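2 protein chains.
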Amino acid sequence: MKQVSKATLQRYPVYLKALRKLKSLGVKRVMSKELAEYVDIQPTTIRRDFSLIGHLGKQGFGYDVDELIEIFSSSLGINFDEKIILVGAGNLGKALLKYNNWDNVIGEIVCAFDKYPDKVGELSVPLYDIKDLKEKMPKDARIAIVCVSSDVQKTVDLLAANGIVSIVDLTHEHFVVPKGVHVRCVDIVSTIIELVFETNKLNY
Amino acid sequence: MKQVSKATLQRYPVYLKALRKLKSLGVKRVMSKELAEYVDIQPTTIRRDFSLIGHLGKQGFGYDVDELIEIFSSSLGINFDEKIILVGAGNLGKALLKYNNWDNVIGEIVCAFDKYPDKVGELSVPLYDIKDLKEKMPKDARIAIVCVSSDVQKTVDLLAANGIVSIVDLTHEHFVVPKGVHVRCVDIVSTIIELVFETNKLNY
DNA sequence: TCAGCTTTGTGAAGATATTGACAATATCTA
DNA sequence: TAGATATTGTCAATATCTTCACAAAGCTGA
Numbered sequence: 001m002k003q004v005s006k007a008t009l010q011r012y013p014v015y016l017k018a019l020r021k022l023k024s025l026g027v028k029r030v031m032s033k034e035l036a037e038y039v040d041i042q043p044t045t046i047r048r049d050f051s052l053i054g055h056l057g058k059q060g061f062g063y064d065v066d067e068l069i070e071i072f073s074s075s076l077g078i079n080f081d082e083k084i085i086l087v088g089a090g091n092l093g094k095a096l097l098k099y100n101n102w103d104n105v106i107g108e109i110v111c112a113f114d115k116y117p118d119k120v121g122e123l124s125v126p127l128y129d130i131k132d133l134k135e136k137m138p139k140d141a142r143i144a145i146v147c148v149s150s151d152v153q154k155t156v157d158l159l160a161a162n163g164i165v166s167i168v169d170l171t172h173e174h175f176v177v178p179k180g181v182h183v184r185c186v187d188i189v190s191t192i193i194e195l196v197f198e199t200n201k202l203n204y
Numbered sequence: 001m002k003q004v005s006k007a008t009l010q011r012y013p014v015y016l017k018a019l020r021k022l023k024s025l026g027v028k029r030v031m032s033k034e035l036a037e038y039v040d041i042q043p044t045t046i047r048r049d050f051s052l053i054g055h056l057g058k059q060g061f062g063y064d065v066d067e068l069i070e071i072f073s074s075s076l077g078i079n080f081d082e083k084i085i086l087v088g089a090g091n092l093g094k095a096l097l098k099y100n101n102w103d104n105v106i107g108e109i110v111c112a113f114d115k116y117p118d119k120v121g122e123l124s125v126p127l128y129d130i131k132d133l134k135e136k137m138p139k140d141a142r143i144a145i146v147c148v149s150s151d152v153q154k155t156v157d158l159l160a161a162n163g164i165v166s167i168v169d170l171t172h173e174h175f176v177v178p179k180g181v182h183v184r185c186v187d188i189v190s191t192i193i194e195l196v197f198e199t200n201k202l203n204y
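Chains as they are written, first to last, in this note's numbering: chain A, 1 to 204; chain B, 1 to 204.
These are computed hints drawn from the structure, not numbers from a lab. Misleading hints may appear alongside valid ones.
When chains are identical, the list treats them as one kind, so a pair holds in a single copy or across two.
Derived EDC-like pairs (lysine to aspartate or glutamate); straight-line CA-CA distance at most 20 Å [stated by the list, open to error]:
1. 98 with 122
2. 21 with 173
3. 6 with 40
4. 21 with 198
5. 83 with 135
6. 6 with 198
7. 28 with 81
8. 179 with 198
9. 119 with 198
10. 154 with 135
11. 134 with 198
Given the structure is predicted, the values throughout are model-derived calculations rather than measurements.
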């Protein structure tokens, strides 16, 4: 596998999502040009992105959808048993949990933690006090979804100290993480602002 | 205002968020170097991004936080009365609504639509049948948050036909939009996949 | 007021990312 | 089997983005 650039890395999930969708529609074979229209990325860019992983396609034929999904999943290290923990079981946390039907896309949320576990109602996964994270957290969990509304930095520090290396950030707080820990911010407000900027830009 | 590149556009919400945070902490003045550490973007990049909007800073001094927020908001067209509509009032939609305390960051959700409004409980905003979107939707609404789980394409078409130009997509479906309509996908699953790819990449 | 210090704003260089063009190689059909 | 056709994979060219380096300009304190 060659050096994968940042830009390419961001496109892989898009491809994977599209390919899974195509598969569910019964599509067996896809050409870069078709996929390009589907995901709105240039065919050349797609071919180049794919070629970084290996020779996935066949000239004159295209790509085998099943095979592509298989290779993408395995060579990029998707683990269908990935154990994800949820930290903060407020409204948003609960909604995510209810919605935890990720149909074998990438593991599932195995347990949740909250500062006031007594105040949280019945959940579909075990719920623990955040104080007991160290003991209760599965040892092989690497990913945490953080939806707490206070003590964000403290929470993140605790997670990092206990082996979490990937954080999905749904808070609105700014925080810092040790080197080696990856963060992705999922923020609807920022998303809306970005949309507004983009929309208004057209008027210049 | 000069030509703003895509990359810069994506950073503006990050700056704005950080600046608002700094303001709330009582910070009056900030230098590109300070801000750089805070948001993890090079000072030069920040200065260049800012300079596209105008001469916002003062040499030897830095930037005035309040002023910067003001200029950002106004010259990028943030409308604090922006009317946002929510389409699909399932678990996720409801959680977003409860969470609709965007402290004057960018308007608010003014009403919601669902295919089965009878099945949805009490909400904090008026709820209408999606069939009545045309009549019930505020005429000046431009942004829609889409959380429906079926008929996604149909829903999006309806929105586009009724003047929505910006869509925040929380579905897992692929859909197409007419030219001029902007979409931003907020997808936790894709975010997690991206994180996994990035994390694993380190092992090569 | 003036010298010294600081920080911005920006031209130019360097780094990254995208795209055009086409050889290589597979499929398809007769 | 062979020729026609289609599509990949990749080199080179182009475009976009980031960073360096420094002049210009404002602040600060004597």
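Now the hints, each set against the structure:
no. : hint         : verdict
1   : 98 with 122  : both (11 Å within a copy, 19 Å between copies)
2   : 21 with 173  : between (34 Å within a copy, 8 Å between copies)
3   : 6 with 40    : both (18 Å within a copy, 16 Å between copies)
4   : 21 with 198  : neither (28 Å within a copy, 23 Å between copies)
5   : 83 with 135  : within (15 Å within a copy, 46 Å between copies)
6   : 6 with 198   : between (22 Å within a copy, 9 Å between copies)
7   : 28 with 81   : neither (26 Å within a copy, 48 Å between copies)
8   : 179 with 198 : between (32 Å within a copy, 13 Å between copies)
9   : 119 with 198 : neither (41 Å within a copy, 36 Å between copies)
10  : 154 with 135 : within (17 Å within a copy, 48 Å between copies)
11  : 134 with 198 : neither (43 Å within a copy, 25 Å between copies)
Of the numbered hints given earlier, the model fails hints 4, 7, 9 and 11; all others are met.
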